[in-house]
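Participant: What follows is each chain in one-letter form.
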Amino acid sequence: MSDRSSLVGKEISRFRFTVERGKIRELALAIGDDNPLYTDPGYARSQGYRDVIAPPTFGTVIDFWGGRDFTAMCDKLQMNPVKVLHGEQEYRYYGEIYPGDEIEASCVLQNIVDKGKMHIFLLETTYRNQAGATVLVARSTTIERK
Amino acid sequence: MQQQVYFEDFTVGEPLPPLTKPPIDKPQLVRYAGASGDFNPLHYMDEVGQMAGTGGVIAHGMLIMGFAGQAVTRWIPNRYLKRLAVRFVDITRPGDVITVSGKITEKRVEDGAGLVEGEVVAADQNGNVKLKGSFTASLPIKGS
Chain A
183 MSDRSSLVGK
193 EISRFRFTVE
203 RGKIRELALA
213 IGDDNPLYTD
223 PGYARSQGYR
233 DVIAPPTFGT
243 VIDFWGGRDF
253 TAMCDKLQMN
263 PVKVLHGEQE
273 YRYYGEIYPG
283 DEIEASCVLQ
293 NIVDKGKMHI
303 FLLETTYRNQ
313 AGATVLVARS
323 TTIERK
Chain B
720 MQQQVYFEDF
730 TVGEPLPPLT
740 KPPIDKPQLV
750 RYAGASGDFN
760 PLHYMDEVGQ
770 MAGTGGVIAH
780 GMLIMGFAGQ
790 AVTRWIPNRY
800 LKRLAVRFVD
810 ITRPGDVITV
820 SGKITEKRVE
830 DGAGLVEGEV
840 VAADQNGNVK
850 LKGSFTASLP
860 IKGS
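Top line first, the protein sequences correspond to chains A and B. Okay, so the first sequence: first residue is 183 according to this note's numbering, each after it adds one. Okay, so the second sequence: first residue is 720 according to this note's numbering, each after it adds one.
Only chain B is shown next, with the shape it has when bound in the complex:
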């Protein structure tokens, strides 16, 4: 069971539990290509990566956003998530270990709903940022 989560459970500046994913491998990129329908060969054919100047295959940006979505919905139950936005900063390669971290940046009450804004960052094992973004959630307020 997912625990009931309230507006009061979050504090501005509070770091949220980071999510570290297993290393990305080529089979995962093939699976993601099939799942998403994005069959750009840059994501599974090294020779295309060589031609494109990335030195080999690179991960779908939307896969990394998928990791961000996984982390955010561990922090905020799906039903309360109202917005997720990311900017793709750098490419990700097979072997990279992505950690998604985040924190709460703002809280306010609007029309009886507890609005929470947060930031989300995905970075690799060397701390290189791959994606930066933000999210908005509308949470119930205790006793209301």
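Chain A on its own, in the form it takes in the complex:
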């Protein structure tokens, strides 16, 4: 605990992901979300977008496929992976994510809270596109049962 608390306020991972049209479509299909903004470029253009856009929970695709290595993160934070639960997830939207975008994500450990039977890790990830614009900020709480 004393070791990992020194990580609070620090970046614990940084990764890149190129947004592919197919991954947007695949996520929408897996959720069963038939919103044509995710799959039909013509429709998306008719709505004023330059292409299809990513669904609201696309940040998770960037995390897993962009190379945020869960096991490595658990190692770094000295968490036991089988004792870890996803507690909360928040997304703040600042701009659209389009196919072809080169997203760079930076994940910072905001805090570790000792709740007695569990530790709660607060992580904030900022996603920037190739123009340097922040398009998405994610805050998540990860619960580690003791």
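No wet-lab data here; the hints were simulated from the structure. Errors might be hidden in some of the hints.
To be verified - Calculated cross-link-like contacts (lysine-lysine; reagent style DSSO-like; alpha-carbon spacing at most 30 Å):
no., chain 1, residue 1, chain 2, residue 2
1, B, Lys851, A, Lys299
2, B, Lys745, B, Lys851
3, B, Lys822, B, Lys861
4, A, Lys265, B, Lys851
5, A, Lys265, B, Lys745
6, A, Lys297, B, Lys861
7, B, Lys801, A, Lys192
8, A, Lys328, B, Lys851
Once you have looked at the hints, place chain B on chain A.
Facilitator: Relative to the frame of chain A, chain B by itself:
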């Protein structure tokens, strides 16, 4: 075409049209694993679920958040959605039928934008809550 939606179209306390999803099945969890990249075997190998004490596979929490995102963007066009936040309350299993419901909890005008706050809840066929959350949208005001 998505219809133009305005701040004035929403009323505090107003329930939003619920979205009921088809029953979750294992193929959907496999698809979601591939789509999201979350290959935790707890979501597609029953024996891992047995070991973890969940009695079998459970759905990805983020899949249920995906349902919430689908419902919220039916209520509020994507371009106006500024925030979506959820707390994972309980596990979801194959066979569960999830309904996402919501309502508007607050409206205010800030810097010329119509801000709307709402709550979103995903529950199964027995009314057991799986996820609870909130959203914020910034909507155009009529005539401005």
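Participant: What are the numbers of the hints that this structure violates, sorted from low to high?
Facilitator: Violated hint (a single one): 6; every other hint is consistent with the structure.
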